[in-house]
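Sequence lines, in order, name chains A and B. For what it's worth, our numbering labels the leading residue of the first sequence as 1, then goes sequentially. For what it's worth, our numbering labels the leading residue of the second sequence as 1001, then goes sequentially.
Think of the hints as simulated: they come from the structure by calculation, not from any bench. A hint or two may mislead.
[To be verified] Covered stretches of chain A (chain B as the covering partner; in silico rule of three or more C-beta atoms under 8 angstroms from a C-beta of chain B):
| id | segment |
| --- | --- |
| 1 | 282–290 |
| 2 | 327–333 |
[Said to hold, decoys possible] Below 25 angstroms or equal to it, Euclidean Cα-Cα: the simulated DSS-like pairs (lysine-lysine) are:
| id | chain 1 | residue 1 | chain 2 | residue 2 |
| --- | --- | --- | --- | --- |
| 3 | B | Lys1508 | B | Lys1648 |
| 4 | A | Lys168 | A | Lys59 |
| 5 | A | Lys8 | A | Lys31 |
| 6 | B | Lys1560 | A | Lys241 |
| 7 | B | Lys1731 | B | Lys1748 |
| 8 | A | Lys451 | A | Lys502 |
| 9 | A | Lys281 | B | Lys1186 |
| 10 | A | Lys181 | A | Lys360 |
| 11 | B | Lys1560 | A | Lys181 |
Backbone N, C-alpha and C fix where the C-beta goes; we use that ideal spot for every residue, glycine too.
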Amino acid sequence: MASGEVIKRAKYKTSVKDPGTPGVLKMTWDKLVLVPNNPNSAMKLDVSFKSIKGYKNTKEGSNKPPWLNLSNNQGGSYIFEFDSYSDMHVCRDFVGKALGRSGDAPAVASGRSDVILPDERISTSEMELRIKLLRENRELQALHKQLVIGGILTEAEFWATRTKLLEKESSKKSKQRPGFKSAMISDIKPSTDGLTNKVTFNLTPEIILQIFAERPAVHAAFLTRVPSKMTEKDFWTKYFKAEYIHSTRNAIAAAAEAAEDEDLAIFLKNDDILAKEARQKIRQVDPTVNMEADIGDDYTHLPDHGFFLDDGKEASESQYEQYRRTLAHDINHHAAVVLEGRVLEMDLDDTRTIAEALAKSKRADVGNGDSDRNFNQGTIARVSRLTEIEGLQALNGPPVAPLCIKDPRDYFDSQVNALEVLGDQSSGAERSKCPLSSKDAYGSLRDCISKIKAKGIHEPVIKPKDALQVFNALTHDISRTKYGAGENRQQSVLDKLPVETKGQLLQHWTSIQELLRHFWSSYPISSSYLYAKVTRLKDAMSQIYPQLEEIKKSVPAKHKQHVSVLVRQMHQALDAAFQHYDVDMQKRSAASGERPNGYV
Amino acid sequence: MKFRLEDITVYFPYDHIYPEQHAYMLDLKRTLDAGGHCLLEMPTGTGKTIALLSLILSYSLSRPSSPLKLLYCTRTVHEMEKTLSELRRLRDYLFSELGPSSSSFLAIGLSSRKNLCVNPRVLSAESRDSVDAGCRKLTASWVRALAERDPSVPTCEFFEDYERAGSSAILPPGVYTLQDLRAFGKQKGWCPYFLARHMVQLANIVVYSYQYLLDPKVAGIISKEMQKESVVVFDEAHNIDNVCIEALSVSVRRQTLEGATRNLHRMEQEIERFKATDANRLKAEYQRLVEGLAQRGNLRVSDTWLANPALPDDILKEAVPGNIRRADFFLRVLRRLVQYLKGRLETDNVEKESPVAFVASITNQAGIDQKTLKFCYDRLHSLMMTLEITDTDEFLHIQTICDFATLVGTYARGFSIIIEPYDDRMPDVRDPIIQLSCHDASLAIKPVFDRFQTVVITSGTLSPIDLYPRLLNFNPVVSRSFTMSLTRDCICPMVLTRGSDQLPVSTKFDMRSDLGVVRNYGRLLLEMVSVVPDGIVCFFVSYSYMDEIVNSWNESGILKEIMQHKLVFIETQDVVETTLALDNYRRACDCGRGAVFFSVARGKVAEGIDFDRHYGRLVIMFGVPFQYTLSKILLARLEYLRDTFQIKEGDFLTFDALRQAAQCVGRVIRSKADYGMMIFADKRYSRHDKRSKLPSWILSHLRDAHLNLSTDMAIHIAREFLRKMAQPYDKAGSGGKKTLLSQDDLEKMGDEMLY
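This is chain B alone, in the form it adopts within the complex (with noise of 0.2 angstroms):
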């Protein structure tokens, strides 16, 4: 359908659109107009993606003068997937409404060389970082003039390709998944990796993960050139601080100063070697050096590296300093500062620092001063340029404290350093780690903003929405929540606090391994898979709680219960396993067999994976899943949460957990057509101060009946709400509310609106 929206013509790639779909298109094209920045929380299972996608297209096709720039962010690649399969969607539609001409542009998707790279033998490699030195070994611009000399020295034939084709190498109009570009790669026998990382200054939509626009490492390589009136969404943006601070911290343990030693080893070999054979290369990069350039100018695509981890406007613009421009003083003042932080590592204590403080220290015991620290990080890649290495997955160590270098060197506040000599939960063992860690969110972000006409900040469940411009210090110009209005009651959220013994449940810290509770739990899992068809999703506050569930469960027999009605799937910290559980747990309810998953709040499935229509009918949250609030970095993020922004400790936490609660139910539900069932499983759900930081959408379908339910009563209303869920309805919405729009109605909207 298409329709006007004030002065553009919106294309849409359904017969149908759903009310709020549009008042958010609505909110979206006053924010372009407006050239700022927005927040819109919209529930899931109401179309976000596509009624922002189509608005932006529309928006772009209307306006011919400014050509369309979209840097859409993900936060994983299967994400990205669907992206792009509702933007090929749209495209279809395009195509059928304008004709070819102009509906052509190009979306591609952009991930790392281990997702895109078809050379079979740097893809045998197992780990991303063996993969883009596997790739590194055959593309680096002196493995290739090597090459050149000598034919035996083995180079990427599809990297070679790619070169050879030169400019005439881009991809034609149309919409690229990491399949796509793979597939195109293989056809044209070129580099999918280096067509696409080219491709993306050209692209008109570009998809990609949120790092590569907010973790500096990452962006400063692939995102530095982009155009001002680029519009920027982050989707699924719930946990963006998270992200942000996460880009800027670094963590130091034992394994990784032992293996900077063995770094630093090689490297003063790789010095003497050159020193040895070609003097010469060493005197030029301290020529170099001398004259200011700490990077050698434009390098090659292929000898890119990751870039510096500190934030663009803070790294500083001059020479480097005098002491480490030779490439052995560099070696030995690293030497030194790995030495200070293994003496730093010795401690019994907890210890906590402002990086101020820290830097001081260092200068004094270790004779490093702040300045070098910052340089760090650009001293090391031009050694390592220099010296040729290209196996760089093996020097990941030293890079690490390279960075942790210039970060401390660079921040003053916004950042403290935490050293702890084990870890809280397991006193016995000892693991120091010497953590430098973010929390200011809006550090990272900030280039962002700043660099970016429109950055939409959107996702299901934003809740408090005034909480994040303060947390990310932004002014959106439109900052909105919506409702959403539902044909039918297709949600029920029950909150149980008993279980079938009358007996409370929690997750409680006195009351989580309680054997009655870990019963209760049980036996609401059995009585609700004989009751449930299709998938069941069970989320619990952690992986050490779950794996402690499952196998009392698993000696108490109600585990073997659970499966004669379906099969039982596991996430696990392996990720691979994870995955395949889940594609076979898809299958299981494709079948018809059903299967319940046990999955983790904060995991990584909770984060990204939909369990709609079939493949979730119930969602039990086991548990209110606070982060461990022992954990020293949370208290220090707390601290200045609180110093900072006025943010009380306890609101934060609540408010942490209940938007991780929210996000996990929220998945079951993709549509209006679709329905499903949320069960919150903790006596804390039923307290007022909790529940109500749960999003509008559920809380308005928390009926007073449903708060403070046992496990009889919640399978009774399972079973009513089931039986009412399969008889037939009008999907138009009856009575005076319409929650389903065609052409006409809002052709007819567009009218009341003028008169």
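Isolated chain A (complex conformation) (with noise of 0.2 angstroms):
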């Protein structure tokens, strides 16, 4: 894409219905020529671009295949089918930026062909992303439609100030995920029949998701045993016979249980796993909760000194200890389970699968553990809010998002109003420009305050007619919109306007603007491509600029005033630009004697 030629697979095709013909697509800046996959094929493609006329695209989104359609000057077309649509947007691109050099042919960019651009390979779901946008903001279309098929902004470049708006659109996606169920699994009912004394257990991948998470000797197990030992059958019945004899608390019974059945003995035992983990977390643990370390002070409880208050200690004999799981620990390995969320995101339906997802997340975990000193810088700073006495100090609430009003009508109607008003009185007397250097304006300043200093305030700084002035006009123009609001919807002056001029003013508005925010960011001009984009969009500007007097001498004389007032606004900031560029221009032109191609 650097370079002046693109080369990218393509079907071509002749008609809407022709199922194509594959082959390699490539342009240059003044022609495109496909060559078919299938070198017997008579089909060859040669065009100029001179004969291009202009181009259409499938937009993404839509049900349509990846097209991208050429008209040429005859009322032909030519259609490409490409693989994929950010193959076709490069083409699309790169086939405006032909057109918009064979068509005018500028001419300070003839010098230079090889425009350096920013790397426009972007992600499919990036991509997805802006067709989205696109497709729900209508504005937003007219304006992309306008300056990037127009071939006035790359696409790059019309996103990159927009990059806001798609970061919210993709964090609002993956917001909400679901989460494990609150219930417990051992609530897991079985349902019998009635007649024997069979019970029937169903499980879901949900439910088996859950128990792997909150087990993780069963899975474990599962991911040594099933199949290679065990049928995936076998394995569940025995896992809910452990259940059951763990429901009926008789550690004892589970001992001999598990000498009998070494597999059943897997489900009955603690799990060692757990165990483990704990250990681990216990010291990424917050320290003003961790009790754990009170027992290393805790010198009057060594083994048998000071005494047992009211619980004594379980009398139980350390061989059955393992059998012993109370509902205590259930109850909260579950709660923190539910509380680390679900990692796994697929949805899933066998267990195998499921088994090794979460056994590959949890690897993951483990690899990115060793945060531990980020870890500890974060405790010192949550210890030390947390012992913050709020109510001794002033809250520093939480951060407010400034409020911003964008709907350009607004400020039209301020612009309009405030013109209105005061213009009868005062537009005569226009601010004057009148040139002050910064240290006069200094000079008076304390001029003026060391008077005060020496005399006092005689007389308010401010004369009490000027003022009185200021304030009658805006008492006016506040009471005539609050009066007008009330009487009238169409005072908006944009509402009062023709449709078809208001949708056209409002357009060019957007696009001036669109088109000035990349005009003053690509200064300083500080490479060639900088240098190529400004041309191009003083060009662009430099079309709008005569369109805006056609609207005005198109509406009816009533408007008139109200529209030359909109559009004086727009040519100003127009001005603005041009006649920085010029200035710029001129500068260049004076230093390029040393460096002829401009460069800065």
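From these two lone chains plus the hints, build me the complex, please.
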């Protein structure tokens, strides 16, 4: 893309219905060539861009494949179907630029054909986002059509100023993820047929995932044993049998069962993996709740020192200890897993894949668990925040986003209203821009201050007469708007205009805004790329200029005043840009004595 | 802000101050002026700790002649962290006000090796004792001497580097939490534990656990050389009497005796080995003991072990009796002692004896006299040093026996020996135990009162405040209970006497397993979880009751319904699991998921974890947390209290239960901007004799209309309360009463006092 050449795989179609000839499309600045994959094919396309008049393409997200339709000056068209939208966009941008080149042949750019562009390779997901935004926002779509497809801006340039929009869109997408159910897995109740002693458990992938997440030992056992040693059905039968034994809360019976069946023992024993994880997690715990550290300091509870208050230690034989599982433990662990949330994103329906995916995500967790240092910094900040007594301190409230009113109409209204009101009285007295150096200004201010210091304030800084005038004008304006709003909904200046003119004006306004934004952001011109861009933008703006004049002329007489006020705003903005451009060009040409190619 | 308080300038690291804090500081200052002890009760949520720290620091700043030394005792390590964090805030403020020169002080937190060690090899051990032993294996003087000759003997590089740095190994001024100490140690390559131990002597502020001052075993090695001018603070001291009596209590079980027999066997082997290879060593020890040195002069810091369990004043400073000077004789005495104790364990009845009678019976049956018993501990210590035993964690059993013997030999009153063949609640499981239990809390704390000029005992719940001086036997110069001035009614205590079916609820013995009560408690919680946002904490009277009730809720499906609203976390006796559960609970509250925490009154969580702000919007106290009244130890203690202090049994039990309940519910409030509800769910709370024992800051908010509620009414009140709390309010307090003072207010107040 950096060079003046694009090569993409594409199918050429003579008409919409044509199945198409697959081949390789090669585009240079002056022509495009399609070489078919099948060398025997008679079809061969070699068209100069001179003969191409315009192009259309299918929008992504519409159900059509990525097509680019180039119309030639004989009224015919060439349709290319690309493998992907991104390919198509690249080609379309190129065509746009090539057309712009061959059409106007801008004098400045002619010397340098290798314009360096920023990398335009983008992911499909981002592309989708862009398409989505365009589809949802008609104004943006119109702007995009005019500027990008019109070849004034590249795709990347257009979106570069809208990264915020894109980010917002993408962040909106993945906000809420389904978590685990808050019910415990031990609540899975079997159904009975009522006749026999047989019970049936219904396991859904959801439940299986939860079991695996809550009981790492079961997970590990599944990975090692199924299907090599036992079938999945046997596995789950054993699991539920173990659960049943647990529910009787008889550690001795559990131990006896486990001694007979080593597979069952896995489910009956306490989870070693959990214990290991707990030991790891305890190091990362908030120090203000870390009670484990207390044991280290507790010298009265040396074994047998002090005494056992209230609850006598449960007399339990240690050999059964590992088969004792308390409900409290289950509840705690369940809540911890629910809190952690689901790590797996995809829909899973096969137990094996669930188990493997979970194992993979766990390994990933272990990998990035070494952020010990960051953790410490974080906790220190957190502890100090927690110890702060909030009542004694001015609150540092939540961060506030500044209010931002974007509707351009508001701007027009305020302009026109203000001008209407003040225009009668003081339009003649437009502020003359007398050139005043800052030194002079500062001096006079200082004089003022020293005078006041010496004499005290004899009269107010602002003359009462002036103040009254401003006050009256403002009151008039406010009351007018206030009452006007009630009686006439057509108050808005824009709404008074014919619909067509209004639309045109708004569209021009947005496009001027966009162009100006790009224009100003290109300064200072530090690369040839920016140079080309500015030139392009200037040309585009100068095209809009006469169009605005057209509008001004075309509107009925009664609206002329309003429209001219509005148009004047735009003209002023454009003029400022042109002026800057000219000054810059002069500087540039003055400097180009040494550097003829115009580089800065 | 800074302001004048009588003749000193107080630096306070916040823009405003509560009037209570101001009054608290004034009382504290007068205590410091008078140079006596004081007892101050101030409700939780009024910033005691920072008021205390800032006054004491400011006081010493205005008296440059007397250097600052503050021993700040907390009950737990996490409270230590919080205190140090507040100190850090104060330090930063002083720094910004006074510049680096006068604001430089050294504050450190001190804990055991387990929390401070940075050597990964030692740290891999599970328990505190094995970490201690692991450390000793690498740092004991004989091990290091051996390593010099034989480089293959492992030593601890951190300790070696620390030793090599010598006197230049000091901490620069600052505030060091345990985490900071570890980080500093790692960075310098010095052992943080021994560095901290060394710096305790030099630091201006030491924050450590109660036991480092109260338990003679630990205090003897850590807090031996503190200046008299030091100020000692016991924060959250409402349980201080229990800590004191536990510090002097020992119990012996069957496992202890079996372990002790094993230990004796091993020591015998060691002695035989030394006799064969290095007989001089044993002879040298004998010689030393004849000269009367039980301890071997100045022990190296890495060799110290737990000190004598008896209080320093009670330890005899004379030569070890002749019959146990020789190592094998001493072992024989111990063997006879263990044998005797084994015999006593074989009883079928509960026996209670005074130490005098017990010692007499030992003398008769085992032929060991009182003085010999008294020296058991020191003699054992000496022998272990001589035998160069490093795996001290293996020898805890024989150490327990010697502690027992020393205490029995030393104290004639204030103790009793209770032998129980089985636990009363499980009469079919034989689990005999000999308990030497101390009843007199004043014994352990007496040396502290005697040694230090000013001891400050403070907590949120010290009611009735006149009881503590009697229990601890001291005369405070200031003893005061502050009330809390609230900007708005941000606490809402309620007494719930009936469930949703209007039947009474209680954990009274005859009612506690009643299914109706269990269900009513469940419905109460279920209704509350759907109304109250964020965190809810429930306290039960005991682990066994909590287990029972949770199981029953699980079977009846109530638990499942609760889980629909909030995640459930439970305190267990496994500390690691409880800590993780707490951490998760906090995260669940932080992320807005909301959670319920089930905990036990008198448990570790109730003692030290704050459930302030969104971590606790509601506390439910299920039942009255009475001690297990059939416990023989408790009965003996009650008897002692009645005889010595004329405190009635019933009064003490109620006092004890209500201070626990108040302690539990008091954890919800941290500042006046915070708010929370407290439900006392037991019909007994509505009785005046019980209720009136609650601290006054709760009582003053307990309206008459809230004294006899059923579940539906409580829900209604909760809704109203939460709505009211959501409204904006004036933080400085409306009307005539100011509840938040700014610097201007204080200056004005100062003027008023002058006129």
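Each hint, compared with the structure:
no. : hint                  : verdict
1   : 282–290               : holds (count 7)
2   : 327–333               : holds (count 5)
3   : B/Lys1508 x B/Lys1648 : holds, 21 angstroms
4   : A/Lys168 x A/Lys59    : holds, 22 angstroms
5   : A/Lys8 x A/Lys31      : holds, 14 angstroms
6   : B/Lys1560 x A/Lys241  : holds, 22 angstroms
7   : B/Lys1731 x B/Lys1748 : holds, 19 angstroms
8   : A/Lys451 x A/Lys502   : violated, 54 angstroms
9   : A/Lys281 x B/Lys1186  : holds, 21 angstroms
10  : A/Lys181 x A/Lys360   : holds, 22 angstroms
11  : B/Lys1560 x A/Lys181  : holds, 11 angstroms
Hint 8 alone, counting from the list given before, is not met by this structure.
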